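Visitor: Sequence:
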Amino acid sequence: GTRVADVAAGVLGPADPRPITPSTLFCVFSVSKSILTLGVLRLIQEGTIGLDDPISDHWPAFAKNGKEGITVRHVLSHQAGLPDVAPKGDMTLDAFLDWEGMKRAVEDAEPAHLPGAQTRYHYLTYAWLCGGIIESATGRPYEEVLAEVVTRPLGVCGGLYMR
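The numbering of the sequence shown is full-length UniProt numbering, which starts it at 1 and goes up by one.
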């Protein structure tokens, strides 16, 4: 399309008085859950995975510690029993930003309840669960898959950040 406006106003925040520009990146936090969900749903649509497939069919290391029955549907409906997995002994920001380390923490986690028994918002783990499904099912980095099937077709500049 044709750009009709390119404006920005305000400052980054109370602790950072730098002005916002049209190229300022913003973390969209849980809005990224919808982008990841779209990525998983596109894989379902194209037949790469099934909604009721056990995650371990595509991500074998996920099956540890009683998680072999957790399905893609359980994850998408926040019924997988893994709402707040954290890396063992390391609750630092660096640990949470370590993609592979957090995927291992999800792999090593024990569910808080049986899959489907409860709905508990997976506020912390949803990205690693969906991203792990996407990467394991496609053999490609989740960002690459999301760019191809979600963000680029929508004209969004990136999956977890927007300009």
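FYI, nobody ran anything at the bench for these hints, they're computed from the structure. Predicted model, so just to flag it, every value in this text is computed and none were measured. Fair warning: there could be bad hints in the mix.
What the hints assert, rightly or not - When the alpha-carbon atoms are kept at most 16 Å apart in a straight line, the in silico EDC-like pairs for lysine to aspartate or glutamate are as follows:
no.: 1; residue 1: 33; residue 2: 110
no.: 2; residue 1: 103; residue 2: 52
no.: 3; residue 1: 33; residue 2: 52
no.: 4; residue 1: 64; residue 2: 94
no.: 5; residue 1: 64; residue 2: 108
no.: 6; residue 1: 64; residue 2: 107
no.: 7; residue 1: 103; residue 2: 143
Visitor: Does each hint hold? Answer for all of them.
Guide: Against the structure, the hints:
{"no.": "1", "hint": "33 <-> 110", "in the structure": "violated (22 Å)"}
{"no.": "2", "hint": "103 <-> 52", "in the structure": "violated (21 Å)"}
{"no.": "3", "hint": "33 <-> 52", "in the structure": "violated (19 Å)"}
{"no.": "4", "hint": "64 <-> 94", "in the structure": "violated (25 Å)"}
{"no.": "5", "hint": "64 <-> 108", "in the structure": "holds (6 Å)"}
{"no.": "6", "hint": "64 <-> 107", "in the structure": "holds (6 Å)"}
{"no.": "7", "hint": "103 <-> 143", "in the structure": "holds (15 Å)"}
Violation of the numbered hints given earlier is confined to hints 1, 2, 3 and 4; the remaining hints are satisfied by the structure.
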